[in-house]
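One letter stands for each residue in the lines below.
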Amino acid sequence: MLRNLFGRNKSKDQLKERLKLVLSYDRAKLSPGSMEELKGELLTVIKKYFPSDDGDYDVKVEQQGDRMVLVANLPVNAS
Amino acid sequence: MNAKAIVVTSGKGGVGKTTTTANVGAALARLGEKVCVIDTDVGLRNLDVVMGLEGRVVYDLIDVFEGRCKLRQAIIRDKRVDTLHLLATSQTRDKSALSEERMRETVRALLEDEGFDRVLIDSPAGIESGFQTAASAASGALVVVNPEVSSVRDADRIIGLLEAREIPEVRLIINRLRPEMVKRGDMLEVDDVLEILGVKLIGIVPEDERILISTNIGSPASLEEGGPKVAAGAAFRDIARRIRGEDVAYPSFEQPKGIFAGLRRVFGAG
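Going line by line, the protein sequences match chains A and B.
Position one of the first sequence corresponds to residue 1 (my numbering), numbered consecutively onward.
Position one of the second sequence corresponds to residue 1 (my numbering), numbered consecutively onward.
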């Protein structure tokens, strides 16, 4: 933790990442907490159709051009 | 910028809106434009003291809105630059005295009836009615941002609101940049801020203690002539020239022996 703060990582790079994330939620008018809820609900639905799957789900809001886009990466296990 | 009425705004308080309004207004006036700077922060009047004109306020913006005086009676002419004028806000009223319609009418009258070339509107902090009223009369905006987390976040919010108002010319001023911190990687650099906010840049103002000194004595730093050069004052003068459409190069803030290192040496020697 301290290494993160004072080590090789420049503090401005951390700030830039934090700002990009928080602004993507701000612009989508969504709280990070409701994103977690959305993720959970999506997971429930996915599991209903792919019962055996325990894939690594990734759901996030992303800026694409001048639009905010909800990007869900939901791998489904065919086997 | 084509905009004749420009709102100076930031969302967050304390990032330098009033200082920017005073200095850019003074610099534009020095370049020969007939300029009126308007304080719209009702109840928290400050543009008058930053400009050193507090002793001359008789009538204010709200008096004009409510018909207690003629517009011309409320306009204070700066004696240092006779093309510079101030329209102060009320210190005793609250924001409910503001009206978008009267704001638009006042700015129209300044530009069309009183012959002003440019009107700079100093917005209150926040995103509520005060900001909305200040923005309602503007066709351009200067968004002042400091390179730190809360100011950048609030600037993003303000930019969204300005876009919702369909203000055509939104430009960014990065204020209080500390080149030595940028060099160490402990402060966002100009390109980072531009990438995050996605707005066109019109000025970079370095942190400069002489700005505080100039406000102590009520004399905008951009007006200083002859005396020691003030880095921030020069940056505000550059902004004024860019507003007028001149292509003014940005001094480099990242080279160790760049312009500011050089200026510091001059200060040290003087």
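Hints listed in this document are in silico derivations from the structure and should not be mistaken for laboratory results.
Beta carbons are placed, not taken as given, at the ideal position from N, Cα and C, and that holds for glycine.
Check each hint, because a few of them may be wrong.
Pulled a few chain A residues facing chain B out of the computed Cβ check, cut under 8 Å [what the hints assert, rightly or not]: (1) Lys16; (2) Leu21; (3) Leu23.
Next item on the list: Please name the hints from earlier in the document that this structure breaks, with their numbers sorted from lowest to highest.
Entry: 2
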